[in-house]
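My request is simple: use the sequences and hints to build the entire structure.
Chains as they are written, first to last, in numbering that gives the first Met the number 0: chain A, 0 to 122; chain C, 0 to 916.
To be clear, the hints were calculated from the coordinates, so they are not data collected in a lab. If you're wondering where the values come from, they're calculated on a predicted model, not measured in any experiment. There could be a bad hint or two in this list.
Stated by the list, open to error - Incomplete in silico selection of chain C near chain A, CB under 8 Å:
#  : residue
1  : GLU26
2  : GLU27
3  : HIS31
4  : GLU33
5  : LEU35
6  : LEU39
7  : ARG56
8  : GLY58
9  : THR66
10 : CYS67
11 : GLN70
12 : ALA71
13 : THR702
Cβ coordinates follow ideal geometry from the N, Cα and C atoms, glycine included.
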Amino acid sequence: MSKTKSTSDRLRGTLDALILTALSGGPLHGYGISRWLAGRSGKALRVEEGTLYPALYRLERLGWIEAEWGTSELGRRARFYRLTSAGERQLAVEVRSFADFVAAVSPILLPRPAVLAAVRERA
Amino acid sequence: MTGQENRLRRLLRSRILGPSIARQVEEELDLHLELLVRELAAGGLDESAARREAAARLGDRRALAATCGRQARGTERRLRGSILADELRQDVAYALRQLVRARSFTAMALLTLAAGLGATTALWSVVEGVVLRRFPFAHPDRTVLVAENWRGGDSDFSAGNFVDLAGGTASSASTASTAGTASTAGTAGTASSASTRSFSQLAAMQFSPLNLAWGPDPARVLAARVTGGFFEVFGVRPLLGRTLGGAEIAAGEESIAVLSHALWAERMGADRAIVGKTIRLSNRPYRVVGVMPERFDPTASHEELWIPLVFTPAQRAQHDDHYLDVVGLLRPGISAQAAQAELSLGMRRLAARFPQDNAGRQGVHVASLPAAILGDVPRRLYILLGAVGLVVLIACANVASLLLARGALRQKELAVRAAIGAGGRRLVRQMLTETTVLGLAAGALGTGLALALVKLFVRLAPPGIPRLGETRIDSGVLLFAFLLSLAASLLCGLVPALRSARQSPQTLLRGGMPGEGPSRDRLRHVLVAGEVALALTLLAGAGLLIRSALHLERLPLGFDPAGVLTARVGLPESGYPQPRAVEEAFEQIVARLGQRPGIRAASAGSGVPLADHGGSNGLLPEGRAFSPENLIDATFHLVMPGFLETLRIPLLSGRTFDAADRAGGDRVMVVSRALARRAWGDADPIGKRIACCEDAAASRLKTVIGVVGDVRTSGPASAVRPEFYLPMAQAPQEGWKWLQRTLNLVVRGDSPTALAAALRGAVHEIDPTLPVPVVALADALRRSLAEQRFHTALLLGLGLLGFLLATVGIYGVIAYFASQRTREIGIRMALGASRARIVRHLAIEGCLPLAAGLLLGTAAALAATRWLEGSLYGVTATDPLTFAAVAAMLGGTGWLAILLPALRATRIDPKQAIQGG
Numbered sequence: 000m001s002k003t004k005s006t007s008d009r010l011r012g013t014l015d016a017l018i019l020t021a022l023s024g025g026p027l028h029g030y031g032i033s034r035w036l037a038g039r040s041g042k043a044l045r046v047e048e049g050t051l052y053p054a055l056y057r058l059e060r061l062g063w064i065e066a067e068w069g070t071s072e073l074g075r076r077a078r079f080y081r082l083t084s085a086g087e088r089q090l091a092v093e094v095r096s097f098a099d100f101v102a103a104v105s106p107i108l109l110p111r112p113a114v115l116a117a118v119r120e121r122a
Numbered sequence: 000m001t002g003q004e005n006r007l008r009r010l011l012r013s014r015i016l017g018p019s020i021a022r023q024v025e026e027e028l029d030l031h032l033e034l035l036v037r038e039l040a041a042g043g044l045d046e047s048a049a050r051r052e053a054a055a056r057l058g059d060r061r062a063l064a065a066t067c068g069r070q071a072r073g074t075e076r077r078l079r080g081s082i083l084a085d086e087l088r089q090d091v092a093y094a095l096r097q098l099v100r101a102r103s104f105t106a107m108a109l110l111t112l113a114a115g116l117g118a119t120t121a122l123w124s125v126v127e128g129v130v131l132r133r134f135p136f137a138h139p140d141r142t143v144l145v146a147e148n149w150r151g152g153d154s155d156f157s158a159g160n161f162v163d164l165a166g167g168t169a170s171s172a173s174t175a176s177t178a179g180t181a182s183t184a185g186t187a188g189t190a191s192s193a194s195t196r197s198f199s200q201l202a203a204m205q206f207s208p209l210n211l212a213w214g215p216d217p218a219r220v221l222a223a224r225v226t227g228g229f230f231e232v233f234g235v236r237p238l239l240g241r242t243l244g245g246a247e248i249a250a251g252e253e254s255i256a257v258l259s260h261a262l263w264a265e266r267m268g269a270d271r272a273i274v275g276k277t278i279r280l281s282n283r284p285y286r287v288v289g290v291m292p293e294r295f296d297p298t299a300s301h302e303e304l305w306i307p308l309v310f311t312p313a314q315r316a317q318h319d320d321h322y323l324d325v326v327g328l329l330r331p332g333i334s335a336q337a338a339q340a341e342l343s344l345g346m347r348r349l350a351a352r353f354p355q356d357n358a359g360r361q362g363v364h365v366a367s368l369p370a371a372i373l374g375d376v377p378r379r380l381y382i383l384l385g386a387v388g389l390v391v392l393i394a395c396a397n398v399a400s401l402l403l404a405r406g407a408l409r410q411k412e413l414a415v416r417a418a419i420g421a422g423g424r425r426l427v428r429q430m431l432t433e434t435t436v437l438g439l440a441a442g443a444l445g446t447g448l449a450l451a452l453v454k455l456f457v458r459l460a461p462p463g464i465p466r467l468g469e470t471r472i473d474s475g476v477l478l479f480a481f482l483l484s485l486a487a488s489l490l491c492g493l494v495p496a497l498r499s500a501r502q503s504p505q506t507l508l509r510g511g512m513p514g515e516g517p518s519r520d521r522l523r524h525v526l527v528a529g530e531v532a533l534a535l536t537l538l539a540g541a542g543l544l545i546r547s548a549l550h551l552e553r554l555p556l557g558f559d560p561a562g563v564l565t566a567r568v569g570l571p572e573s574g575y576p577q578p579r580a581v582e583e584a585f586e587q588i589v590a591r592l593g594q595r596p597g598i599r600a601a602s603a604g605s606g607v608p609l610a611d612h613g614g615s616n617g618l619l620p621e622g623r624a625f626s627p628e629n630l631i632d633a634t635f636h637l638v639m640p641g642f643l644e645t646l647r648i649p650l651l652s653g654r655t656f657d658a659a660d661r662a663g664g665d666r667v668m669v670v671s672r673a674l675a676r677r678a679w680g681d682a683d684p685i686g687k688r689i690a691c692c693e694d695a696a697a698s699r700l701k702t703v704i705g706v707v708g709d710v711r712t713s714g715p716a717s718a719v720r721p722e723f724y725l726p727m728a729q730a731p732q733e734g735w736k737w738l739q740r741t742l743n744l745v746v747r748g749d750s751p752t753a754l755a756a757a758l759r760g761a762v763h764e765i766d767p768t769l770p771v772p773v774v775a776l777a778d779a780l781r782r783s784l785a786e787q788r789f790h791t792a793l794l795l796g797l798g799l800l801g802f803l804l805a806t807v808g809i810y811g812v813i814a815y816f817a818s819q820r821t822r823e824i825g826i827r828m829a830l831g832a833s834r835a836r837i838v839r840h841l842a843i844e845g846c847l848p849l850a851a852g853l854l855l856g857t858a859a860a861l862a863a864t865r866w867l868e869g870s871l872y873g874v875t876a877t878d879p880l881t882f883a884a885v886a887a888m889l890g891g892t893g894w895l896a897i898l899l900p901a902l903r904a905t906r907i908d909p910k911q912a913i914q915g916g
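Written as structure tokens, this is what we have:
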């Protein structure tokens, strides 16, 4: 992974990292992942289904996650996704890259009064 | 690794065995929708509103499903790939374990295959280096050799014909010579004012042996005199300095020279400051202007330097004296045929203009120069390559039979593997992996062997194979070896692998007997017949060449080379300007030789069989009209007294020359039997008169005083040509010019070293600066047969190797199948069949495929030996004796190979055989 990423790479990478994080706790089906993300971000982060599923299939193709049929809470067949060891490694890479990004951007953005006000308001 | 593989396999299975990918995606999205509706409903929305909301959140479902499906299919491909790679890793590891365990089988198969693959790879690298590699010319496909067509055969050009045909190309050629850095090959065409439409360059060359004075020893060197444009035909940059410029040659510059790399490196110590220095060639100074790179030997004539060829006005007008080799560069897009048509038209015009000089000239022959240089070599090499390929096929058949035998031993192992879930295809793949690992290992081993074999081949090969020194194992050869190994692996492995996998696990586990049933027998028949056929083809070829070699050994040469030494000595024009001086010098040398102890006979002549062929001339028997059909082309010899006696060319009738045959006396001639027969049939030739050699009416006619035996001038493989001998004393003044003041001294005696010393001494007493290259005719005879012998020896070696392999193979196959039938034999014996009867049964059964193989092999050999025709003397390519002998040899050995295992098979205890299985 290169250190510098374009904006769309950044966004995609963030979504990847979020999904991988969601699965690091154990296997989940697609709906479960979206619930987990919503719950963790206090409903602030809603990943669209139109984005989530393509991402899942893409990550599976990359070999970072793998899917197997299991039984959902409704008693119906569901595809459960699980992190592979390659996925774990990738997660570490994404987290580090995100941390680097934050570290680089924070000194520029954070001292600005407008940003500070926005942060305070959200809090 | 296995855990990983099983997991991947499970994942893949769940994808393939379940519903289609599209259905799985739909199912997943349906579930998501359902769960979302529940959540929304739980949040207070009514059922239909929740459904609407959920559907909206999923967006364009069809597009979404399509995107997911695309990715899913990619995942499937990836899984398949990793499973395959995993299985391959496993199979290779398994194969290695198996091969290491079965040490004797592995060693046997490895050695058999490596020998065959190594020999094939070595020969392929020779073919690539000699035949297939591009010639080091700027435009090898447009570089041609041009010859006059004289009565359907190639002949050298005369200066007049060359100048008239080449027109501007020859005289004013290209303006720029090839200067140090820039090759003018590309532009030479436009620079020259060629008067032919087909050629951008045409150049003539004449080979002259000259005496080079440089350093302490005078040396005889072969120089090529070339017209302008010669270097532009090839477009090769000089290593140092420049080449000979067309313009300066046209301006009459004669005293410049370009050196070959060999001459420069060996005689001048690779002196980089050589350019500009002056060397002396036959007492004339030449300024060195350049040195050519190492492999520049454009016509494979091994000339050592190049000097200008400038025609005098008299030479330009001379159309009858044919001594020039002509090379040319075709214009782009012009075919050799088109060029030949254009020049032939011009040639016929010249024949009409000079009907006397150009009698019998029918046109020109334009041929690719690379093809002309290679000549017969590609055919011979491809024959060897084919023979070595047959050996590889036999080796493959042997390894296949070894694998079959091993497969039988491994039936239980395979059955267990099949029973625990390995599919038939998987088993075949696994077995093929095993043979491929074996084949590639043999290929690697064989490539190592090839490195040694190529070195050996290059060292042992007789001279005359162009570019052989450039043979090497390069990436192309390695690729060939790799592909060949793969092909061989597949060839030996496929049938045994399919056969093993076809057994059903149940029968095998229950201990059923493999090797029973008609399909087994068919396979045995095919293997035995195939090996016999292949070996027969090989041996027939080798046998024909041996018969041909025996024939050549028995052929009379027409002279006795034993104890004869010869030296070609040329006197420089500067020291011997007058013909009389040349003649006196040679007479003195021969006289001195005759007085030396240990010399039984000494003489000299313009040509010596095996060493120097001399020229030829058209002869016209007295009383016949001057027309091309009546001219007899015969090899011409100017000889000193005692020449025929020294070589022991037998006198058949009349007399040879004596002291009375002097200048001013009756002009006399001795003819060979072939010439006498051509000229006068069965009539007595003594006293007949025949015209030759000179133009003046008074001296044209010569009286035949004797007939001598025919001589095979170029060794036993050469045809007999008409020859005639003239006494040196009656040679015309210009005779020495024809001969370039060069004669071949011949001496006969017992001690070669004494003879060589005598030759050098006698010459150096007359002129200490003259080089004396001594050749023993016995050595020359050996050399003339060397190529033939080498070819025969190689093919014989391959034939014997194939024969040995095939015998071992047949024995192995029969022994294996006999051992498989132990139980059947036991039952038969228990039921009262006598041993003799069973042996007879087995032997007859074995003979069927043997006979089929002999028939098949004879047919194949009849088709294949056609390619040998050019190498055979005194025996036809379908010689029945050879074929019968080879078939008998193979049939006999094969029969023994069948009988022995049959005898052994019956030497068993029936009870044990039936119980033991």
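Results for each hint:
no., hint, verdict
1, GLU26, "holds (7 Å)"
2, GLU27, "holds (5 Å)"
3, HIS31, "holds (5 Å)"
4, GLU33, "holds (7 Å)"
5, LEU35, "holds (7 Å)"
6, LEU39, "violated (12 Å)"
7, ARG56, "holds (6 Å)"
8, GLY58, "holds (4 Å)"
9, THR66, "holds (5 Å)"
10, CYS67, "holds (5 Å)"
11, GLN70, "holds (4 Å)"
12, ALA71, "holds (6 Å)"
13, THR702, "violated (101 Å)"
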